[in-house]
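Undergrad: Protein chains in written order, with full-length UniProt numbering: chain A, 1 to 338; chain B, 1 to 338.
Mixed in with the good hints, there may be bad ones.
[To be verified] If you anchor each label on the Cβ, the simulated ranges turn out as follows: (1) A:PRO315 with B:GLU243: 49 to 57 Å; (2) B:ASP130 with A:GLN273: 38 to 46 Å; (3) A:ASN49 with B:ASP210: 26 to 34 Å; (4) A:SER48 with B:GLU71: 51 to 59 Å; (5) B:LYS224 with A:TYR7: 34 to 42 Å; (6) A:ARG195 with B:GLU243: 38 to 46 Å; (7) B:SER70 with A:ALA221: 53 to 61 Å; (8) B:LYS225 with A:GLN105: 37 to 45 Å; (9) B:LYS224 with A:ARG195: 53 to 61 Å; (10) B:PRO77 with A:ARG195: 52 to 60 Å.
[To be verified] To give an idea of the chain B side of the interface with chain A (calculated C-beta under 8 Å), a few residues: (11) PRO93; (12) HIS94; (13) SER101; (14) PHE108; (15) LEU132; (16) MET281.
If you're looking for bench data, these hints aren't it; they were derived computationally from the structure.
Built from N, CA and C at the ideal position, the CB exists for glycine as well.
Number of protein chains: 2
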Amino acid sequence: MLATMMYGPGDVRAEERDEPTILKPTDAIIRLSASCICGSDLWPYRGSNPITAPLAMGHEYCGIVVAVGSEVKSVKPGQFVVGSFCISDNTCPHCQYGFQSSCEQREFMSGAQAPLARVPLADGTLVATDELPPDDLIPSLLAVSDVLGTGWYAADAARVQPGSTVVVVGDGAVGLMGVLSARQMGAARIIAMSRHKARQELALEFGATDIIAERGDAGVAELKKMTRNVGADAVLECVGTKESMMQALECARPGSMIGYVGVPHGVEFDGQQLFFAQKGMLGGPAPVRRFLPQLMDLVLTRKINPGRVFDLELPLADVARGYRAMDQREAIKVLLRM
Amino acid sequence: MLATMMYGPGDVRAEERDEPTILKPTDAIIRLSASCICGSDLWPYRGSNPITAPLAMGHEYCGIVVAVGSEVKSVKPGQFVVGSFCISDNTCPHCQYGFQSSCEQREFMSGAQAPLARVPLADGTLVATDELPPDDLIPSLLAVSDVLGTGWYAADAARVQPGSTVVVVGDGAVGLMGVLSARQMGAARIIAMSRHKARQELALEFGATDIIAERGDAGVAELKKMTRNVGADAVLECVGTKESMMQALECARPGSMIGYVGVPHGVEFDGQQLFFAQKGMLGGPAPVRRFLPQLMDLVLTRKINPGRVFDLELPLADVARGYRAMDQREAIKVLLRM
């Protein structure tokens with residue numbers, strides 16, 4: 001089959017690889033209905049994470065189960081499933097606490113930018129639908145797997161409440177999903193920080209009430225002006241750079257929480273500064289598994305349309321072009337068709 | 001009057017100073033029923049905070065109002081009051097949000113290790129009792145002003161819930177108050193990290209269910225053993241050193257919150273480490289004003305006895321001896337009588 005491998009910064013190839021097989025009795029093999037490229041795939045692509053061996057890319061997935069290991073009980077061949085980018089057993093204390101992304105058996109999914117993928121711990125990781133979903137819902141169901149689940153977690157960790165004033169730092173796909181999530185949670189005011197017209201428009205479509213195009217100090221000043229110098233009740237940090245994190249901290253009102261889901265690169269916090277600013281923080285890889293049933297239901301009942309975040313669709317053979325488009329910010333998020 | 005001044009590290013003196021007077025129409029002058037020495041007073045005493053000019057020490061207080069400025073409406077001479085170590089107007093958006101310690105007009109109280117003290121923003125800062133409290137409750141009412149309010153905030157920020165397993169890092173007065181607070185909030189298991197016999201006993205009296213005497217990695221290992229390798233649902237960090245903060249982080253289960261109230265000295269967090277460990281954090285100077293009515297009521301109805309934390313009582317003239325005793329850890333907390 002054709003699969004996506006990354007050999008080094010900027011070097012992504014669709015090439016022939018063996019089809020995956022059941023390696024453990026808890027595995028499932030799924031045939032992907034579609035796949036996509038994640039913002040986090042750009043970290044190694046841009047050289048921010050070292051690559052010591054070729055990487056089998058892709059961790060967002062949904063599709064039809066084609067085989068299961070002998071111990072798998074909750075899903076069976078023929079079913080349509082969505083899974084999290086974090087593999088989890090969903091039974092350990094961390095999973096039971098709702099933090100499946102810290103599962104005692106946590107693994108990170110890989111190899112899903114391909115027509116077939118192996119999903120470990122299938123019972124804990126996958127959630128099946130009652131029936132096969134219509135084709136037009138595939139992009140949105142795929143989005144649940146990571147990008148929506150991650151935006152949702154950012155809003156959850158930031159404790160967005162009905163009536164909250166929310167700031168979303170980052171207009172990438174996750175930030176846009178953060179806007180959608182805050183809206184679903186009843187936020188009264190959702191301020192998206194974005195300076196790209198197409199992304200601003202999508203943010204507004206997803207429920208943003210205000211846009212701040214300025215960055216850095218100017219962006220913070222604008223936010224302060226909008227909130228009578230108070231700051232936001234909840235801040236979603238969806239980038240992971242030092243600049244975006246500082247912006248998030250400055251936008252948050254004292255006592256509020258910052259939900260941060262961009263993997264921090266080069267970010268350090270000074271304890272005393274954080275203390276006197278009195279800003280709360282909770283982040284990490286999103287426990288998407290906790291949210292899967294609710295988010296899949298919202299998609300299947302057509303209450304949300306997160307698939308709108310895909311603005312470029314390519315055949316898997318053109319995956320390298322997809323990476324380039326996202327790296328150059330020509331595309332928000334790329335859907336790959338098999 | 002005799003008042004406490006710090007001239008440099010290790011150099012604290014009780015010396016004659018002018019009595020305070022109303023400087024602003026929002027001020028009150030109170031006659032202190034008692035005062036005390038705070039763990040945070042030891043930072044400058046130990047040279048960790050630079051002293052550029054003599055400091056009027058003391059920020060914990062309760063007593064009788066003797067004079068008020070022309071704009072003060074909520075308290076009047078003759079009333080018994082307790083105030084927070086953080087001065088706040090209690091009307092700004094941050095105060096209304098429950099974070100009076102980030103009040104737009106925030107000041108930190110000073111000069112309360114003396115028989116008389118000036119309290120700015122008296123309307124916002126002070127809470128009066130209905131009647132004069134009995135003498136034996138003075139130590140507990142004094143404790144509400146900072147040490148109990150701070151321990152309570154640590155538990156609140158760490159989101160202690162009924163049934164929680166809680167770890168308290170630090171067996172100073174604040175940590176012991178954290179134990180008491182967690183107990184009041186219904187924690188099922190309260191694990192105090194302490195290696196001093198007298199403090200262990202007080203922790204047990206305040207509601208600790210377990211003691212861990214080991215520190216550092218050995219202490220964390222013990223905690224992990226106690227919690228089947230899961231970690232605690234809530235961690236109260238009541239010291240502020242790099243070591244104590246690391247211990248707190250290691251003890252917290254993924255997805256839990258660390259309420260940190262020890263002023264961090266030399267503490268830095270690595271963003272990526274915090275991210276993948278998935279530990280939440282909220283700290284800062286305690287918004288004691290939010291808790292004052294509730295905590296004063298718990299004391300006045302004799303449901304709690306935080307005054308037990310004072311294990312040495314000295315006349316104000318001997319304040320230098322009190323600082324030495326706390327610095328040497330010969331006393332947990334020193335009460336000063338006027």
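Undergrad: A separate judgement is required for each hint: does it hold in the structure or not?
TA: Checked hints:
Between PRO315 (chain A) and GLU243 (chain B), the C-beta spacing of about 55 Å keeps the proposed range 49 to 57 Å intact. At about 41 Å, the beta-carbon gap between ASP130 (chain B) and GLN273 (chain A) stays in the expected band of 38 to 46 Å. Taking 26 to 34 Å as the suggested C-beta distance range, the pair ASN49 (chain A) and ASP210 (chain B) does not conform, at roughly 41 Å. Restraint check, SER48 (chain A) to GLU71 (chain B): a C-beta distance of roughly 57 Å satisfies the suggested window 51 to 59 Å.
Checking the proposed 34 to 42 Å range against LYS224 (chain B) and TYR7 (chain A) shows it holds: the Cβ atoms sit about 40 Å from each other. At roughly 43 Å, the beta-carbon separation of ARG195 (chain A) and GLU243 (chain B) lies within the given 38 to 46 Å, and the hint holds. Roughly 37 Å separates the CB atoms of SER70 (chain B) and ALA221 (chain A), a value that falls outside the hinted 53 to 61 Å. Range check, LYS225 (chain B) to GLN105 (chain A): about 20 Å between beta-carbon atoms, so the 37 to 45 Å window is missed.
Checked against the given bound of 53 to 61 Å, the beta carbons of LYS224 (chain B) and ARG195 (chain A), roughly 46 Å apart, lie outside it. Between PRO77 (chain B) and ARG195 (chain A) the C-beta distance comes to about 58 Å, which sits within the given range of 52 to 60 Å. Satisfaction of the interface hint for PRO93 (chain B) is found here, the shortest Cβ-Cβ separation to chain A being roughly 5 Å, below the 8 Å cut-off. Because the beta carbon of HIS94 (chain B) sits about 5 Å from the nearest beta carbon in chain A, less than 8 Å, this interface hint is met.
Proximity of SER101 (chain B) to chain A holds as hinted, the smallest CB-CB distance being about 7 Å (cut-off 8 Å). About 11 Å separates the beta-carbon of PHE108 (chain B) from the nearest beta-carbon of chain A, more than 8 Å, and the hint is not met. Interface hint status for LEU132 (chain B): violated, as the beta-carbon distance to the closest one in chain A is roughly 34 Å, over 8 Å. Below 8 Å, beta-carbon pairs count as interface contacts, and MET281 (chain B) has one with chain A at about 5 Å; its hint therefore holds.
When each numbered hint is compared with the structure, violations occur for hints 3, 7, 8, 9, 14, 15.
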